[in-house]
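Go ahead and model the full structure; you've got the sequences and the hints to work with.
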Amino acid sequence: MRKPILSEPLELSDLSIYGSSEDSKRIIGPISLTVAQGEWLNLVGVNGSGKTTLARLLAGLTMEGAAGEWSRGFAGDMPSPYVMQQPEAQLFGETPREEVHFALEWLGVSAQEIAPRADRILQETGLLSLTDCTWDQLSGGQRQLAAVAAAAAGEAPLIVFDEATSMLDDRSSRRVQQLARSLHGKGTAVVWVTQRLHELEPSARVIAMLGGGIQYDGRVREFLYGDESRDPAAGTAPCERCGLRLPYLAALGVELKRLDRDESPSPVTVDEWRRVLNLL
Amino acid sequence: MSEQRMPLTIQGLKGLDGGLQLQQGEITVLMGPNGAGKTRFMEIVAGMRPVEEWQITYGQEKLWVQANGNSRKRRRNSAALLAYSYACQAPEEQLFARSVAAELDYVLQAYALPEAAKEQRIDDALRAVGWDRSWLQRDPYQMSGGERRRAALACMFAVPASWLLLDEPTAGLDAAGHALLAEQLNQCKAGGQGVLLISHDSDWALALADSILLMRSDGRMLPCNRDEILANPGLLEQSGMTIPDWLIIVHEMWKRGVPSDEVWDPAKLAAAMRRLGIPMTKPKAFEVVEYQSRSISESEGTQAPDRLHSASQKRRSPLTAFDPRSVWLAYILLTTGMFMQRTWSGVAWSALLAALAVAAARIPLRRWRGPILALGMFAIILSFMAGLVEKQTGGSFWSWASFLDSLLTLSRPWLAMLIGLGLPLVITPLRLRRSLEQLFSYRGRVPLWGQKIILTITLLLRFIPVLLSEWERFSRISIARGKVTRRSWRGAAGRLRDTSIPFMLALFRLGEHVANALESRGVGKRGYPETRITELWQRRDSILIASCLVLSAFLWWWSIIS
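As given, the protein sequences belong to chains W and D, one line each in that order. Here the first sequence stands for residues 1 to 280, where the numbers follow the UniProt record's numbering. Here the second sequence stands for residues 1 to 562, where the numbers follow the UniProt record's numbering.
Treat the hints as calculated values from the structure; they're not laboratory data. Cβ atoms here follow ideal geometry from the backbone N, Cα and C, with glycine treated the same way. Wrong hints could be hidden among the right ones.
Facing chain D, from chain W, some residues (calculated, C-beta under 7 Å) [to be verified]:
#1 88
#2 89
#3 276
Sample of chain W residues at the chain D side, in silico, Cβ under 8 Å [as the list claims (entries may be wrong)]:
#4 24
#5 27
#6 98
#7 103
#8 195
#9 202
See below:
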């Protein structure tokens, strides 16, 4: 196995994926995209926009019908951990402990090291008190945390979360997100595919897909409100152009901006809203 | 369609003595944390799951009625099934016909509408999802995910029912789909239909809600309305949810005097804020707040397994603490002792030991009720035949001796099976995989092909419960869609079809997901893992073996003296 080249980014250039049927329709592309080491990249889009295909591509999973160039750079040659929506399809053990052991085994971790390392991971994910509960005793959120723990076990340079929180309520979703953020804090690059626009951090990078292509690549605030310094209240924001529903607070921000005709940036997070409305 | 009033009444809910009555012409939103059982609740309301302690009625029609001539057996009342239209989570997964027209025909057939009325319903249903008749001949399998969702929702709107039950209809829907569905639900409400709705999109759902049912994680229900939640968002926290960010801000604006009916639509709230002159001080730029990576404390939501309120919470078997090898050995010792018994007193001792073992190991026999009863019946029938066969040779009608003899022989494997059911509790598929690998390894390594075979077998075992629950889910939903209550060959064949086609498709999806998950873990790409010794023989394992040895010796001794 080739050692990942630490500084090099993951790059796709003019990459397309074609379907396997006779007409070989283009599913996504052509896409050019760079993910830097340790970056947090949000990926959004309506159903069928191709975001899952792109996510799987970024994770390095086998793809039929790919044309174009790509280099995995810092992510290395092995596929990256890929956490999906349904915990049922990605849990192979019967308990969180078994799951993490299974993951570590396939990473080639030596036999003596597996048990202590698994305990550490389970502790970090907050699953220590649940390690030996079977799946039917755990909630959907806790099962998803176990899937994340197994994905985090390898300390991979890149982890892809494909709508990992869309079946969860706000509370469980925050837990999974928190876990992803703490992995990111340790230097792991994260691709975060989501339908929940209200989870996005205003200064984070977001890529929006539409019809198999990249419609927007920039910061979340501009994605929700448009580029405010350039043309206030002109046209629609990229978010709406992609067919995505504005979250409530963003819709409120858009309405207020329209009434006030101002050009300053609009608040995104609840803390920013509190500040703007002097609620602190 | 709904000239007579048909309120939906549920009696027997925990903590709601007066029962619960939902009114037509209202949209009721069911909210609750993960694992509270919202989907289960809706499935019970739709008659897809029998629950003894609840009485559900649509108007005058009870959902469950007594079957003819049998006071204990209950069957579904078709008049009640016809009173609702149900869209499950991801309803597009339930489509099985090759055209939208055929799918609409299927959901409408139970209503036996006159042709003109039927065509009218189809027109209305297509319009409800923004389509026209040109979509009727389209094949759902050739559609995109969003289009298939629309096809499924059209099927729900087509049904001339008094009630609409919707479970997460907006998950994955685009902005236009959200708006269209909201408009359509409001129209249904105005037309006198009742709507029960589960949705994660709290801002979208509360904007529609006339009343709200809060479901706590222990399954208790609290009926309330959105104004109460606006005034006291803490109600959501008390039910085990977090307060959504938008509701925090909206609550503050309400405290500053925005009327409660103007907060649900962002445009109305913005207008009210300006009318009331609520000041805003926008900075030139927001500073970038770096996410504070903090360690996650155990107290945040994972301290204990979420208890399902179904009361079927299984306690863990103490057997899982033992080494699988010692459990195997103990099983072999005990069953050997049992098989030595030649007398009824010996079988009685065996039965006592088996009962003690089942109780001590907390083996969940209920789960295997079917096979246990079937094998028991089989033993009795076989013994009965053995008793009858005697007639030809001995000349008598019936030989008690032969009957009892056979029963004695057959009762031993039956008892052995009862305690054997504890083995899968201990030897989970992955543990089985390791023990197989240890068995077949040569100098600590297993050849790659051997590993692949072992992994495939154990993964199959692992996913059997998942497949079973998928089959059961589709089978339940087919009751709600097909509205078939009587047992007939035609009904059974139809149900098999509309269960098996969605099931096969779900199977392919599951297979793809499993393949992705395995690949991303490096399975099949990296070299094979080390065979590792995970199980350590402990003192309790030796104690288990020793006590089973004593019991087995006792049985052996008994078989000799009796």
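For each hint, the structure was consulted:
Because the smallest distance between the Cβ of residue 88 of chain W and any Cβ of chain D comes to about 5 Å, under 7 Å, the interface hint for this residue holds. A hinted interface residue such as residue 89 of chain W counts as satisfied when its beta carbon comes closer than 7 Å to some beta carbon of chain D; here the least separation is about 4 Å, so the hint holds. Interface restraint check for residue 276 of chain W: the shortest CB-CB distance to chain D comes to about 5 Å, inside 7 Å, so the restraint holds. For residue 24 of chain W, the shortest C-beta to C-beta distance to chain D is roughly 16 Å, which exceeds 8 Å, and the interface hint is violated.
Look at residue 27 of chain W: its Cβ only gets to about 11 Å from chain D, farther than 8 Å, so that hint breaks. At a threshold of 8 Å, the smallest CB-CB gap from residue 98 of chain W to chain D is about 5 Å, leaving the interface hint in force. Given the 8 Å rule on beta carbons, the hint for residue 103 of chain W holds: about 6 Å separates it from the nearest Cβ of chain D. Against a cut-off of 8 Å between C-beta atoms, the interface hint on residue 195 of chain W holds, since the closest Cβ of chain D lies about 6 Å away.
For residue 202 of chain W, the shortest C-beta to C-beta distance to chain D is roughly 7 Å, which falls under 8 Å, so the interface hint holds.
The structure fails hints 4, 5 (numbered hints given earlier, in ascending order).
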